[in-house]
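There are 2 protein chains.
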Amino acid sequence: MTDIVPVILCGGSGTRLWPRSRAIMPKPFLPLVGDRTLFEATIARCPLRAGFAAPVVVTGRKHLGHVEAQLDGASGASVIVEPAAKNTAAAIALAALRLPADAIMLVCPSDHHIGNPQAFAVAAKAAAALAGEGWLVSFGIEPKSPETGFGYLKRGEAIGELGFRTAQFVEKPDLERAQAFLAEGCYAWNGGIFAFRVKDFLEELAAHRPAIAASVAEAVEKGREDGFRFYPDARAFAGIDSESVDYAVMENTSRAAMVPADMDWSDIGNWQALHAARESNADGNSVTGRAELVDCRNVLVDSDGPRVSVIGLSDVIVVVDGDEVLVTSADGAQKVGKLSGAANQ
Amino acid sequence: MTDIVPVILCGGSGTRLWPRSRAIMPKPFLPLVGDRTLFEATIARCPLRAGFAAPVVVTGRKHLGHVEAQLDGASGASVIVEPAAKNTAAAIALAALRLPADAIMLVCPSDHHIGNPQAFAVAAKAAAALAGEGWLVSFGIEPKSPETGFGYLKRGEAIGELGFRTAQFVEKPDLERAQAFLAEGCYAWNGGIFAFRVKDFLEELAAHRPAIAASVAEAVEKGREDGFRFYPDARAFAGIDSESVDYAVMENTSRAAMVPADMDWSDIGNWQALHAARESNADGNSVTGRAELVDCRNVLVDSDGPRVSVIGLSDVIVVVDGDEVLVTSADGAQKVGKLSGAANQ
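Order-wise, the sequence lines are chains Y and V. If you want the numbering used here, it's the position in the first sequence, counting the first as 1, plus 15. If you want the numbering used here, it's the position in the second sequence, counting the first as 1, plus 15.
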């Protein structure tokens, strides 16, 4: 089998983990779990000489500096600089058009945490094998709770050793449906990780979204190279519809498959999720920076400097970043992006 | 009647309202409620030409700068600079020995909030009248809740128009007793405000604590003046026992009286008490500094600079002061003084 080409999608607006994550320094580029940034960990999960080729990073102009600094000269890596953010269908198409027709792409968001990289590697290779047979493969993340913030994939008939046909794509369900999915047992979270053979992906995109396919092709044709960077043509790219690859391709193709992955995954979609991904002590408290906690349970403190003293609280998150202090209940964490500080960056 | 001489006691260690109040800038000198500091408000409650003489301030060397700055040249004010902190019996004796024998002293802590200064003035004059008849008078603060952090005074037989003999001094009770006191109705909080005629106070001090009386007398005799400042002799003062005026004098004298005072009083003994003394909006939230509150009730925010965003919390206090951030439950506020930041100043 040929090496898998990691296609790393790198963007984000930096609102849900505000104030640590900000528009100018969004989630992928921060060391949120452990010492490495999420972007660095994403690159490291797909190592050269272990079945993976050098990565292709798709990012925007404003994050290019972070990407290049954190790639740190990764051997053979290339970067596609999107002229505008046009969601995942166009971003993946850009990478596909820069690769050989029979290359296997592994599309990875760069702002997720994966606690078990071995399980990731196993799933990646199984997904790549199915992609090599013509399937368009989603990772189906083993669901741990009835999350209403994720799409779900329903398992169909088995394919090969580890895979299944995807019987159904379900958009974010309400709590009752999400609970039913967990009880039923044949649903997985859609983690936004995919394996495609380039020619299959482009065929399906052309079949279901011919306008996107044509515009991206023109943008690549008229683009320019600058060392390891590639700049698609901005004018051709500007008119493209912003659509997710799920909506544009996966829900329409008859070749959708899924590979189950139980790999301690988190999209770190808010501070509560980040608390879950970090190590906590016996009381469930997790501290980054200087802090003193008294009579606290399940408290997350993350300070970039000032000491934080917390007394008598449970399920609370305290974040200090420069001139901003955030204090939220665990449940309130999902509203962080709507705070005026986060929204008006 | 001669003018009442306000004797303002001014010290404090600055731990219970840490981190805003610190050892170098304790509670009396901060504008905790409204625009004036507690010290300034204490001075302003005893205005010249309204029955009050110029104040005598008793403070320590380390707070002298704050006192002088905040007296702002108050006409005729004098300051006694204690060589060491020796509690209230000695502090009041120092002031007494610098005043004429028939002067009426009104002893006022400088770190309390009084929301109704008119009621204070009425009680002060009633207390002074009783003091002029030879009584040693405590203010009996109308109790609003079964506080276990205060001493209580039990009313005895009525004296004059407003006063009572003090039937009993009760040290800080447990909750059950405090509840019984409130139900019984003849108990008041001991607010640490007193009216004495100088010669009566000194007589009773000499009778019950002759050693303190003698040492303070020696310290004053050997002291030196420096403009409006008076420095008692440090060596004579050094050996004095630290005793409260309640313990040394009030609990022993047969001339103890009390005047009820319902004047929206608070000792602002912790952040929860400060929250109660400050103005709050309809949700019970009170903000000092920049803040955004979402889904919050009974939240106090006090920031000296950074913006504080709070989501989904009730009965929580958030304080930002320089390099310290405090987040506590309302109940936890009483433990603030034991935090390492507060204790190790």
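Everything labelled a hint here was simulated from the structure, so no lab data went into it. Among the hints, a few may not be true.
[As the list claims (entries may be wrong)] Just some of the chain V residues that point at chain Y, by a computed CB distance under 10 Å:
1. W33
2. A306
3. D310
4. P321
5. R322
6. G337
Because the structure is a prediction, the values reported are computed rather than measured. Glycine included, each C-beta is placed from N, C-alpha and C at the ideal position.
Now for the hints, and whether the structure bears them out:
1. W33: Interface hint status for V:W33: holds (9 Å vs cutoff 10 Å).
2. A306: Given a least distance of 9 Å, the restraint on V:A306 holds.
3. D310: OK, holds: V:D310 within 10 Å of chain Y, min 6 Å.
4. P321: Check passed: Cβ of V:P321 comes within 5 Å of chain Y, closer than 10 Å.
5. R322: holds, 5 Å
6. G337: Nearest chain Y Cβ about 8 Å off; hint holds.
When the structure is compared with the earlier hints, no violation turns up for any of them.
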